[in-house]
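**Student:** As a plain string of letters, each chain reads:
Protein chains: 2
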Amino acid sequence: MPLEAYLMSMAQVQAIPDGSITSTPGFEAAGVACGLKPNGALDLALVYSPQPCVGAALFTTNAFKAAPVLYDQRLLAQNATNLHGVVINSGCANACTGERGLRDTVSTAAAAASHLATAPSSFLVMSTGVIGMPMPMDRIHAGVAKAALQRTLSVDGGHAAALAIMTTDTRPKEFAVKVTTDDGEFTIAGMAKGAGMIHPNMATMLCLLTSDARITPQVARQALREGVEGSFHRITVDGDTSTNDTVLLLANGLAEMQPITSTESSAYAGFLAGLSHVLTALAKAVVHDGEGATRFIEITVSGTCSQAEAKQVAMSVARSLLVKAAIYGQDANWGRIICAVGYSGVAVEPERVRVWLGDLELFRNGEPYQVDEAHARELLAQPEITIRVDLGQGGAQATVWTCDLSHQYVDINAHYRT
Amino acid sequence: MPLEAYLMSMAQVQAIPDGSITSTPGFEAAGVACGLKPNGALDLALVYSPQPCVGAALFTTNAFKAAPVLYDQRLLAQNATNLHGVVINSGCANACTGERGLRDTVSTAAAAASHLATAPSSFLVMSTGVIGMPMPMDRIHAGVAKAALQRTLSVDGGHAAALAIMTTDTRPKEFAVKVTTDDGEFTIAGMAKGAGMIHPNMATMLCLLTSDARITPQVARQALREGVEGSFHRITVDGDTSTNDTVLLLANGLAEMQPITSTESSAYAGFLAGLSHVLTALAKAVVHDGEGATRFIEITVSGTCSQAEAKQVAMSVARSLLVKAAIYGQDANWGRIICAVGYSGVAVEPERVRVWLGDLELFRNGEPYQVDEAHARELLAQPEITIRVDLGQGGAQATVWTCDLSHQYVDINAHYRT
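Protein chains in written order, with my numbering: chain Z, 1397 to 1814; chain D, 1397 to 1814.
If you're looking for bench data, these hints aren't it; they were derived computationally from the structure. Mixed in with the good hints, there may be bad ones.
Identical copies look the same in the list; a pair holds intra-copy or inter-copy alike.
In silico lysine to any residue, SDA-like type, Cα no more than 25 Å apart, as pairs [unchecked claim]:
#, residue 1, residue 2
1, 1574, 1807
2, 1433, 1696
3, 1433, 1770
4, 1433, 1769
5, 1574, 1406
6, 1433, 1767
7, 1542, 1652
8, 1680, 1650
9, 1433, 1768
10, 1542, 1692
11, 1574, 1495
12, 1433, 1773
13, 1433, 1550
14, 1433, 1726
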């Protein structure tokens, strides 16, 4: 889909070196430490656009939606065109915190609006961290005040903001592109956090995107939906869908271009191409930094009757703990790949299935095929592993990304709160 | 269901001390080493009944069915009343081995029949171990010959057989009961193996049951289906469904009783009560010995509109790596339980949900409830952990069993083949 959109649009998508959420003209950001993380690290980000923004977002499908998710959903339903920014905190998810949690979110948003003298309902909120812990509001308020200071909030604050939203992430995830189309030039930038509890829908935890494109909220939402389907919905670390997952796009319309008002336009295709580029880069970065990951695994399933079937089989392999543990151990245990294909729920004809590890064919006609163990070991020693499965039934395919299951994953998650 | 059946039947179900697969009158067994396991441990079991048996079985739902699964399915379709036993080997799964694998299974069954002078199609085969490795048939033939020797095969051979079917199991899993009903007295005995690749359907790898009850194959199959639904289909270790899962029941009809020919009879209820007792004991033993397990976790979900919904929610919690890792780390991170309830797919009203760890209430009305961390730590230090979730919507409930996720699980599965 991204590739087709790209070709259709004839848009040029160019990565911006050292890109961050403030690569987009008109956006300022700050990352501050307000004591939510016990080690004193940055833990509160503020992203601000003096120019009012259009907003569009996708949220977790979990029935227990965190307070900021409920708040953002309601706010965007009422106001998707006059937004000024977002407050993002790590260290506390503000999930399962009842009425108090909602009040805390409202108060956080109001504090940002008050400091920056914007309309009361112009700030969104995102939170990530431990579930069920009440928000230490004195620290949040102090953090928002600090972040909103003129000398802190700046067009150079993107990197600090990306650091402030990290939890078990070992590195920030940022990416920005410049998109050039016949209809004008604009920027799309993004940052994400997420190392565990990663699974569609939504496989992300938190992702914020900024753009200066001129676009309507409806069309922005459709682009987000399409872009996320090909990126965050194609990754899994541990199969857990969090209570806080949010992908939010803010577009301030500062670019000189005709507004994108229809998904049928070539300008939309260009916007989608750029957005997909950023989303895919961030999604892969999340997997690369998956909790305890030592290997990045790309799984492509082809030869299915539909893309949905291909994705289902690929996700079944990507979720298998046995496949992930074998890759961690650099063991070419392709039987486990076959096994996960077999229980995916998609009708499979075993004698038509073929499996490759990198360029090495492992399985064909229902039986093992020239398994060169030495070459397999070589491939498995690489940081990036490619698995390809062909079901031999049709012309559709899908690619998903995951990581291996290591001792470190257990370490990180056995003692997350303590 | 087992309890209702038990009450309905007024049957007495009594555990047989030191029970094994040969606790059932008329069954002989042997466990021998034939070189399939590199360390020289027992790796081939033979179970034999001179009296012809009725057979019933349930098999894996995986599309890649191992050769012995395909063979047993075909054999039972033709002959479910004149069976004499089963050959079970560990060390090699004979899965994804193509035509050769099927020929090897046929040849294994034929060897046993020939040594014991029974009809050629009277032996079933079960295999477990590495997927995709061809069967070393010279060793298998030598093993069957050794096991069939009169001095090896005996009514005391049950324990050796249970040892011979183990793979990553750390201990054998055996259980036997005596069932006394108004209609007569009979025995049901079972053994199982399975430490990883444990998930419904079927959550077992291999399970063999023997009985001297008089029962028709159709009724035996129905009892097996009902019994497994309440036992092996309620456990998960790692969410992987294997290519070889088989639960097989052989009944030689030696008990003095009226034959059980209908599922409506009280004798059937007694049989089901006894069978459920054995199956549940074995299923729990599999979880207790789950790969790397340090904790046994019982999860009961109540207050749902149907038992199926309760099971779905309970399994969502049981599968969550984050819940399992937190319990390994003795961290009362109940947020992860709530999170897994929330993405189970069952419609949940957050403010009605309640969660308990043992006797400690953790969550009520959508928010945390008197979390006594000291007491929580005490509970989590126990080898058996009880989690209870009430959705507050209806009167149905279900219980499932799982284990924690430890460093040892990763160890075992990173280097299974090597």
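**Student:** When Cα atoms must be at most 25 Å apart, do residue 1433 and residue 1767 count as within-copy, between-copy, both, or neither?
**Tutor:** between (49 Å within a copy, 21 Å between copies)
**Student:** Is it within, between, both or neither when you check residue 1433 against residue 1770 at 25 Å Cα-Cα?
**Tutor:** For residue 1433 and residue 1770, only the inter-copy Cα distance (23 Å) is at most 25 Å; the intra-copy one is 46 Å.
**Student:** One pair to classify: residue 1574 and residue 1495, alpha carbons no more than 25 Å apart. Within, between, both, or neither?
**Tutor:** neither (42 Å within a copy, 56 Å between copies)
**Student:** Give the relationship of residue 1574 and residue 1406 under a CA distance limit of 25 Å: within one copy only, between copies only, both, or neither.
**Tutor:** within (14 Å within a copy, 77 Å between copies)
**Student:** Since the copies are identical, ignore which copy is meant and state whether residue 1433 and residue 1768 lie within 25 Å (CA to CA) inside a copy, between copies, both or neither.
**Tutor:** Between copies, since 23 Å is at most 25 Å while 49 Å is not.
**Student:** Measure nothing new, just compare the shortest in-copy and cross-copy C-alpha distances for residue 1542 and residue 1692 to 25 Å and report within, between, both or neither.
**Tutor:** neither (38 Å within a copy, 48 Å between copies)
**Student:** Cα distance capped at 25 Å. Does residue 1433 pair with residue 1696 within a copy, between copies, both, or neither?
**Tutor:** neither (38 Å within a copy, 34 Å between copies)
**Student:** Between the shortest in-copy and the shortest cross-copy C-alpha distance, which are at most 25 Å for residue 1680 and residue 1650: within, between, both, or neither?
**Tutor:** Neither, since 29 Å and 63 Å both go past 25 Å.
**Student:** With identical chains treated as interchangeable, where does the CA-CA distance between residue 1433 and residue 1550 reach 25 Å or less: within a copy, between copies, both, or neither?
**Tutor:** Within one copy, since 23 Å is at most 25 Å while 65 Å is not.
**Student:** Checking residue 1574 and residue 1807: alpha-carbon separation at most 25 Å within a copy, between copies, both or neither?
**Tutor:** Answer is neither: 40 Å inside a copy and 45 Å across each miss the 25 Å cutoff.
**Student:** At most 25 Å between CA atoms: does that hold for residue 1433 and residue 1769 within a copy, between copies, both, or neither?
**Tutor:** Answer is between; shortest inter-copy Cα gap is 20 Å, intra-copy 46 Å.
**Student:** Indicate which option fits the pair residue 1433, residue 1726 if close means a Cα-Cα distance not exceeding 25 Å: within, between, both or neither.
**Tutor:** Between copies only: 21 Å across, 35 Å inside.
Of the numbered hints stated above, those contradicted by the structure are hints 1, 2, 7, 8, 10 and 11, listed in ascending order.
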